[in-house]
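Construct all of the structure, not just a fragment, from the sequences and the given hints.
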Amino acid sequence: MKQHIAHRIQSALQTLIEQGQLPEDIAPRIQVDRTKDKSHGDFASNVAMMLAKPAGKAPRAVAEMLQPLLTDDQIEKIEIAGPGFINFFVKAEEKFAVVNEVVEKGEDFGRSNAGQGASVQVEFVSANPTGPLHVGHGRGAAYGACVADLLEAVGYDVAREYYVNDAGRQMDILATSVWMRYLDLCEVAVTFPKNGYQGDYIWTTSRELLAEHGEQFKRSADEVMANVPADEGEEGGDKEAHIDGLIENAKALLGETDYRIIHKAVLDVILTDIKEDLSEFGIDFQNWFSERSLFESGLVDAAIEKLQQKGLVYEKGGALWFKSTDFGDEKDRVVVRDNGIKTYFASDIAYHFNKLERGFEKIIDVWGADHHGYVPRVKAAMTAMDTNPDALEVLLVQFASLFRGGEKVAMSTRSGQFVTLRELREEVGTDAARFFYVMRKSEQHMDFDLDLAKSQSNENPVYYIQYAHARVSAVMNQLVDKGFIYDEAMGLANLERLTEEHEDTLVTAMAKFPETVNNAAMNHEPHLMVHYLRELAHALHSYYNAHAFIVDEAELRNARLVLVKAAQQTLKNGLKLLGVSAPDSM
RNA sequence: GCGCCCAUAGCUCAGCUGGAUAGAGCACCCGCCUUCUAAGCGGGCGGUCAGGGGUUCGAAUCCUCUUGGGCGUGCCA
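In this note's numbering, the protein residues as written are 1 to 586.
Hints should not be assumed to be uniformly reliable.
Estimated spans, in silico, between C-beta atoms of each pair [claimed, not checked]: (1) Leu396 - Asp447: 39 to 49 Å; (2) Ala554 - Gln67: 39 to 49 Å; (3) Glu515 - Lys38: 10 to 20 Å; (4) His371 - Asn287: 20 to 30 Å; (5) Ala58 - Ser112: 38 to 48 Å; (6) Lys2 - Lys105: 15 to 25 Å; (7) His541 - Trp203: 47 to 57 Å; (8) Asn458 - His547: 44 to 54 Å; (9) Lys408 - Ala221: 34 to 44 Å.
Read the hints as simulated data drawn from the structure, not as lab findings.
This one's a predicted model, so the numbers in the text were calculated from it and none came from an experiment.
Backbone N, C-alpha and C fix where the C-beta goes; we use that ideal spot for every residue, glycine too.
The following block contains the structure:
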């Protein structure tokens, strides 16, 4: 409808230009908006005001020239109001046509082909596999999932990917932590390093290793501790040097093969847990991309080599630097450290190059906002690698703080003192968690109120929307109890019987759904869907309170029922996009 | 210091790419269940859109400065 009106205005302007009533060189952006106030009709355009100056006429005069040219069989009336707005009142039968559309399309209502099948990769969560996901990861997970689902709904070919940081020092610390626990189980007298990973999953893995491999990895305490610098807390101790010493010994004593078994064992345990956790959270990835695979397949070396050939790499202080300043970064960045270890950034160069090599037209990375400084250097690398940096869009998600009883829940990743995503789901439920995480604009800091998310009351916004959905189901049950049979065809044939104000409001809200999906998808803003659904639910609740649906007269009854069922379907489709269930009873 | 983000009702936040009288929810006050679920509905209270300047028919929205917060600024990931 919006586009239809825009076209009408376009052709009306053309006519006026041909008649010489408007200068030829005007090319306004035709803007048609939904009105906020019903007295302003259904749609309004500001073209007259935009054209006032170039046309050398008063806005209202321009509007009056346009008005007679805009009449249409879908428009009830056109008014000129305020400073020069042209207000369009759409005919009721046009407005109610959306009910037919919803009935026809069902769960596809709201979907479109705006993306035209373009392939998009959305990479999100990508938390280091060094432990279970915690609530901090939850927001990125929920947000990324919604962005991906929304893009899919508007016709993009979406691939969800989790980048597994399974290479590097943190993983070595993890593997060594497991080994130390394993040694403890073997009754070797070793002290667990201060910088090691705590947590049950470390013990679990070490027990599994012992069960499966016996004492294959057992070494004496003297061997394990040989030449290892003192740990923190001891005299002259340094926890970093200490753990690095242990890692070195672990690799030397166990050999590549056995060390890898432990490394892989703990990685498998953690990844399995993360996958299960996310799946229960309603999020499934098409691909889990291993950072290690980038090294093993030589892609990291190839990327560095490519930069070298282009003269974009130099050596300084024993390290290898990438001249990212040539591409707008603040300073050059190290890709290979003086100890020969490649940086995380080096694998990221290869990774982003590889993403585009795989044929994605657009790649989206969802990162924590604390990584925002990282964006320029990745884009610089993409340019240097002869790939288009504009193909990458980085979406930043601010942290969420948990509040319980009005108090901020203190969290630190140190020594397992954090609330896990699983605990959160168990405490507030998946629906509330998904909903709360995307309720706020992603780049906004947010306070996650546990008590509110948990509360089974009117204070909880999730229930408000779910309740509206359930209510319609309750009405349909009631219908059967009263001995009526729902007749959809009769309802659709009698939509003109729906003349109440509440019915107009409801149907108008429903008509906004497709554009809301499109808006939320294109702008990567799932919170728009949250706000929309609240509005739709409100329209339904108000209608419910004002009018009985199950009336004696069959035509009116079925017309009302088909309307509320369409509203229910719309609520369901919207909730689905947020990963929230649509219950039939509560 | 430099860079990025943010500031709207008592609280938590919307405000679509510049539009008409700045909106919700919660909290608070007043009403509505013999009628389809009251996890609901209706009404009320509540604002110098952080502050100054600018752009124009029109600014919460765009530009600029100030103030006040958050984050980043590693041969960490």
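Hint check results:
At roughly 18 Å, the beta carbons of Leu396 and Asp447 sit outside the given window of 39 to 49 Å. Range check, Ala554 to Gln67: Cβ separation about 42 Å, and the 39 to 49 Å hint holds. Range check, Glu515 to Lys38: about 18 Å between beta-carbon atoms, so the 10 to 20 Å window is met. For the hinted restraint 20 to 30 Å between His371 and Asn287, the CB-CB distance of approximately 21 Å keeps it satisfied.
A hinted range of 38 to 48 Å for the beta carbons of Ala58 and Ser112 is consistent with their spacing of about 39 Å. Against the hinted window of 15 to 25 Å, the Cβ-Cβ separation of Lys2 and Lys105 comes to about 19 Å, which satisfies the hint. Between His541 and Trp203, the C-beta spacing of about 51 Å keeps the proposed range 47 to 57 Å intact. About 22 Å separates the C-beta atoms of Asn458 and His547, a value inconsistent with the hinted range of 44 to 54 Å.
Judged by the Cβ atoms, the range 34 to 44 Å given for Lys408 and Ala221 holds: they are separated by roughly 43 Å.
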